[in-house]
Amino acid sequence: MLLLMLAAFLGLVAGLKWPVGLALAATSVVVAAADGQGFPLRHLVEGMFGYLDVSLVLITAMIFMKIIERNGLLDVLACDLMLRFGRSPATMLTAMTLIIMFPGMITGSCTASVLSTGVLLTPVLLKMDMPRAKAGAIVAMASVYGMIAPPVNIVVMIIGGGIDMPYIGFDLPLLLMTLPLAILTTLYLGYGFARKADMESVVSEFTCHERAPGGFLLYLPLLVVLVLMIGPKALPGIFPDPRLPLTFVIGSALAMLSGRKFNLLETARAGVAEILPVVGILMGVGMLIQIMTLTGIRGSIAVSSLSLPQYLLLASIAVTLPLFGGISVFGAASVLGVPFILTMLGQNLIITASGMSLIAAMGSFMPPVALTAVIAAQVVEEPDYLKIVKPLVVPSLVAIGIGVLMIKYATQIARLVL
Amino acid sequence: MRMMQGTKKTAFILLALSMLVVVAVTPDFRRMHVEEPIRKGPGVTTVKQLSDYFAKLKGTNGDTPVYVLDSGKPGGTALVLGGTHPNEPSSFLSALLLIENAKPAKGRLIVIPRANNSGFSHTDYTEGAPQHFMLKAASGERWFRFGSRATNPTDQWPDPDIYVHAASGQKLSGSETRNLNRAYPGRPDGTLTEQVAYGIVQLIRQEKVAMTIDLHEASPEYPVINAIVAHERAMDYAAEVTIGLQMDGIKIGLEPSPKSLRGLSHRELGDATDTLAILMETANPAQGRLRGATNAALVVTGKDVMYERAAKLNRLFVPYDEKGQPIDLRVARHVTAINEFLNVLSVKNPAQAVVLNRVPSYNDMVKKGIGSYL
Chain A
1 MLLLMLAAFL GLVAGLKWPV GLALAATSVV VAAADGQGFP LRHLVEGMFG
51 YLDVSLVLIT AMIFMKIIER NGLLDVLACD LMLRFGRSPA TMLTAMTLII
101 MFPGMITGSC TASVLSTGVL LTPVLLKMDM PRAKAGAIVA MASVYGMIAP
151 PVNIVVMIIG GGIDMPYIGF DLPLLLMTLP LAILTTLYLG YGFARKADME
201 SVVSEFTCHE RAPGGFLLYL PLLVVLVLMI GPKALPGIFP DPRLPLTFVI
251 GSALAMLSGR KFNLLETARA GVAEILPVVG ILMGVGMLIQ IMTLTGIRGS
301 IAVSSLSLPQ YLLLASIAVT LPLFGGISVF GAASVLGVPF ILTMLGQNLI
351 ITASGMSLIA AMGSFMPPVA LTAVIAAQVV EEPDYLKIVK PLVVPSLVAI
401 GIGVLMIKYA TQIARLVL
Chain B
1 MRMMQGTKKT AFILLALSML VVVAVTPDFR RMHVEEPIRK GPGVTTVKQL
51 SDYFAKLKGT NGDTPVYVLD SGKPGGTALV LGGTHPNEPS SFLSALLLIE
101 NAKPAKGRLI VIPRANNSGF SHTDYTEGAP QHFMLKAASG ERWFRFGSRA
151 TNPTDQWPDP DIYVHAASGQ KLSGSETRNL NRAYPGRPDG TLTEQVAYGI
201 VQLIRQEKVA MTIDLHEASP EYPVINAIVA HERAMDYAAE VTIGLQMDGI
251 KIGLEPSPKS LRGLSHRELG DATDTLAILM ETANPAQGRL RGATNAALVV
301 TGKDVMYERA AKLNRLFVPY DEKGQPIDLR VARHVTAINE FLNVLSVKNP
351 AQAVVLNRVP SYNDMVKKGI GSYL
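Protein sequences appear in the order of chains A and B.
Okay, so the first sequence: first residue is 1 according to the working numbering, each after it adds one.
Okay, so the second sequence: first residue is 1 according to the working numbering, each after it adds one.
Chain B extracted, bound-state conformation:
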């Protein structure tokens, strides 16, 4: 190509072209700021905001709805965190399914479906991710955002070269500074991500939350998958749940929360508050590094030829065949495990009992699809 000499004219043309690109592409990025509808189910008694617990979040993209499902009867309080990582959709959808279906018979259930609200407003660059995916629901077709693992850089930028976890001094790669699940217990004067973490800690303290369950997904090649990770005070509960699920034919692993890995919910929430801190993982091929074409179908069906190849090479930590890891299965695992945790809590500590009705069964969710309940 013949080198073109830069002139004022070429500069003007290039600037005009850049402006055109900005105008053309802006609606795509702005669309990610439109929230998918969440319907208040029969159990929802109040909808608060996280800023009700930490006022500094008010008016920021870190503020997020907090759904309270109160039975009005004595018992304890449990908290479910969905959307800590908005690129792990079974986390958000499990929280959504509880909000739209569950009706407590004892105690209270608090659900934050978009724990990192900012992370829902963008996708991770260079990941080729879809912005939205659709589900056929009983009420018609519903759309959801496929977000990012981290806070939107337009809310928190630039990243440092290395992220130093404030409470421990632990060093991690700079981009982890926008990862909510590396920010606990948070800081009132920290970054937006640390403030969100701080707000969640304040909620747990003020509402005297007996048990907190943080929902996640991981790549099929990641060792801690289809698993429960429990703080040492929650280990007895987690062990009973694991056995219960295994007996029901749901294979799940149990890992102790490592004391040396700081900033994660299962470590810091258990250390900083009285809550029993638990984290759960399902297998999400759409976030894995070995995935093939990245699109909305992969998010929903969890089917991927590259992961089939990787499974045949024994490179995965979950069973993986042509059926994939569909979103119905992943949500069913989370919701069933949450219910099991609440059952164990109610048995082991009746004063803190939280009993849910109208939660679909594992088999129904897998067979009929979660859309039947949305």
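Chain A with its partners taken away, still in its complex shape:
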């Protein structure tokens, strides 16, 4: 059944060139029918609900991004950043990494990073004569590190939830795990371009004199969005939590009050049109996971992963977590992360779960779904997402290697950092 699933999916995507989302949905139907489930409409619909919330975030975030692009805030922000940090390539790239990571750190979602600060900083990366694929790779990797950086690492929370481990004591290990790797990856991918680029001329080429009108008010939507994202986490129970979709709607409404004038309906439509293929993939992923669970394919993958001999357990984690993460990072945490950590109850579980989250997060770039790379490709307008995945192979393998070492030496590392 697993082979049928893979054959159907690859045949539709690679052979018939179907869009990934549609191919995932069709594969779900084929697998269910082959298993004797007929056409399980209820399961197909129910699976899609697994990604309803994420889709709402993506759609509202994309509309917000389109609006602040049209009202001129994006240009102004990129310009101000260049003037502030643009003189030193290393400082510039480090600052940009932290800024891209930030929304992911707060929300636990790499998509939030790609679609917010990732979009904001893409023009700056491109001004350094960086190919679109490299710029997309930097945005994608920094966003994924943001997703697993503290204070919110949902992958760890899911793994911890499976063994009743509260989300306490993770901040320092997660920070030490993600920050250096994120900055080094950006420098690895981008320093060559930034160094060669004449930063003075890059900065001077920015047409900062053509600022959109509005002065400080222009920044208000971004500030409000950041406050609405951070507030509920910083002051839980005191600061009302509007959730991300409403946050972006509020930001969009504020962005209409300042800057250049634009056609709201056309702008919103453009935003939705850009993100629709990604939402389609998410709906297809939801259907496929539901059908995989219904037919037993999910369990078969999980048990087969655990079937490897003990000495191959770490290798199994290193391979299967990113592979399954290619379908869903959070799904990999739940389906594989929990059984894996149950086999390691004797060692330090904070470091172990942190290491697993690092490994699982690299599944974000695993084709054919490669969701983060696909979204980043949309942002940098690179038609082939595989060109974004390619430069991330080495950094991903390094991250997986470090994750494995963290799991192997969890107790020793815990003595050093906890």
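Because the hints were derived from the structure by calculation, they are not lab data.
Just so you know, nobody snuck in bad clues.
Calculated lysine-lysine pairs in the DSS-like style (CA-CA distance at most 30 angstroms, straight line): (1) LYS58/B / LYS40/B; (2) LYS106/B / LYS368/B; (3) LYS303/B / LYS323/B; (4) LYS408/A / LYS312/B; (5) LYS368/B / LYS136/B; (6) LYS17/A / LYS9/B; (7) LYS367/B / LYS303/B; (8) LYS56/B / LYS233/A; (9) LYS103/B / LYS136/B; (10) LYS259/B / LYS233/A; (11) LYS259/B / LYS208/B; (12) LYS259/B / LYS348/B; (13) LYS73/B / LYS348/B; (14) LYS8/B / LYS17/A; (15) LYS408/A / LYS259/B; (16) LYS390/A / LYS127/A; (17) LYS408/A / LYS390/A; (18) LYS368/B / LYS40/B; (19) LYS8/B / LYS261/A; (20) LYS58/B / LYS208/B; (21) LYS251/B / LYS312/B.
Which stretches of chain A does chain B cover? Using the computed rule of at least three CB atoms under 8 angstroms from a CB of chain B, they are: (22) 35-46; (23) 146-158; (24) 276-290.
Cβ atoms here follow ideal geometry from the backbone N, Cα and C, with glycine treated the same way.
Given the coordinates of chain A, assemble chain B onto it according to the supplied hints.
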């Protein structure tokens, strides 16, 4: 595939198709709101609602029936919580079996079979779960819902990114905000799940419940399984019950309620009220992550080839072979342990005694099947 250009016509066709899907699938989802019948047994004297203890729940999907089995004779009061997690069916069925069979001889037994009533009205998405399962019963074939671990999102949505337990500030994954067994002691002005938890706490206080037993199931790969988890004030009772069950050949573990893990019944009910708080777990392959095909047969028989493989790999915390972990065995474990707890309560604290008659024996439930008593 040739890219199709979107036009008003294609948009209309897609919208019409979406409407068709909605119309076709709605009855399936609506069916989950129809409650399975519960018959009042010989011991049931009153049926209340949780909203009788916390009025704000009235008219919500969090309100739920509360069955009172009163002997009319002096003694204490015990509370059994079934259906805290509606995807753990032995919990609901054990409560149901008590409602339909038990007759107290001393004291009172209060049973809430659907503690998280909202959770019975949907299944967890991406889990491929069946909506219903059937049991052959003495009265004919009976159907039951296989629900979700959490409150229905149509009653409480959207989830936050992280769930902060109000009383302690403990952070958990956002979806746990709809988990009743992470919401205790609840809040009168909180989410629906927190309000249900608050209502149960009010019931325990108003009815002066001496002992509360919260029934659960867990995946076979989960370490706390076929086990009792007890608040420190209930530990002596739980130790005696554990020994008693072991002597009867029923293997069961005993775990202290961790002080650092907040929001759970065995911790918060024991801290917030005078009740002796206990939680019990049996092994349910239908909720495990290693399970193979997910269907109603798995819920009832507990047989699964993937779990057999996992057992051979020493990945499980319960014995598991081709016989599986059938629902009859799981309900028998819960019901027998509840009876044992009430016996110990009656011996250690006669003023709080609760004695039940007409409760089937462990061997009868396993051999004849629980359907014989429903």
